[in-house]
Amino acid sequence: MDLSDAVIGKVTLISTFTIFTLFVIWVNSYTFFDSDLYVYKYIPNPQWVLMFCAVWGLFFIGGLISFTLFHLYPYL
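Residue numbers for the sequence shown, in the numbering used here: 1 to 76.
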């Protein structure tokens with residue numbers, strides 16, 4: 001099952017936009033919920049969003065550096 005690059009790009013764009021929108025809504029609306037609402041106990045603290053983004057960024061940058069060094073190693 002081969003997917004064209006256009007389909008893969010659209011799926012990536014839609015998923016990235018959806019996750020970004022959810023994170024922004026989560027972080028920006030968290031402060032407006034009262035702690036006595038029943039929904040409040042189901043909403044994690046925004047520090048977990050920021051921690052997730054930081055850890056993912058470190059893994060991404062580390063992977064990018066490793067990939068680059070792996071392919072540049074024969075030329076060094």
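Calculated directly from the structure, the hints in this document are not laboratory data. There may be inaccurate statements among the hints.
[To be verified] Between beta-carbon pairs, the in silico distance windows are: (1) Val39 <-> Ile65: 20 to 30 Å; (2) Ile61 <-> Val27: 18 to 28 Å; (3) Thr16 <-> Leu72: 26 to 36 Å; (4) Phe59 <-> Ile8: 14 to 24 Å.
Source: prediction; values computed, not measured. Cβ coordinates follow ideal geometry from the N, Cα and C atoms, glycine included.
Going down the list of hints, with the structure as the test:
For Val39 and Ile65, the Cβ-Cβ distance of about 41 Å falls outside the hinted range of 20 to 30 Å, so the restraint is violated. Here the CB-CB span from Ile61 to Val27 is close to 22 Å, well matched to the stated 18 to 28 Å. Checking the proposed 26 to 36 Å range against Thr16 and Leu72 shows it holds: the Cβ atoms sit about 28 Å from each other. The supplied range of 14 to 24 Å is met by Phe59 and Ile8, whose beta-carbon atoms lie about 21 Å from each other.
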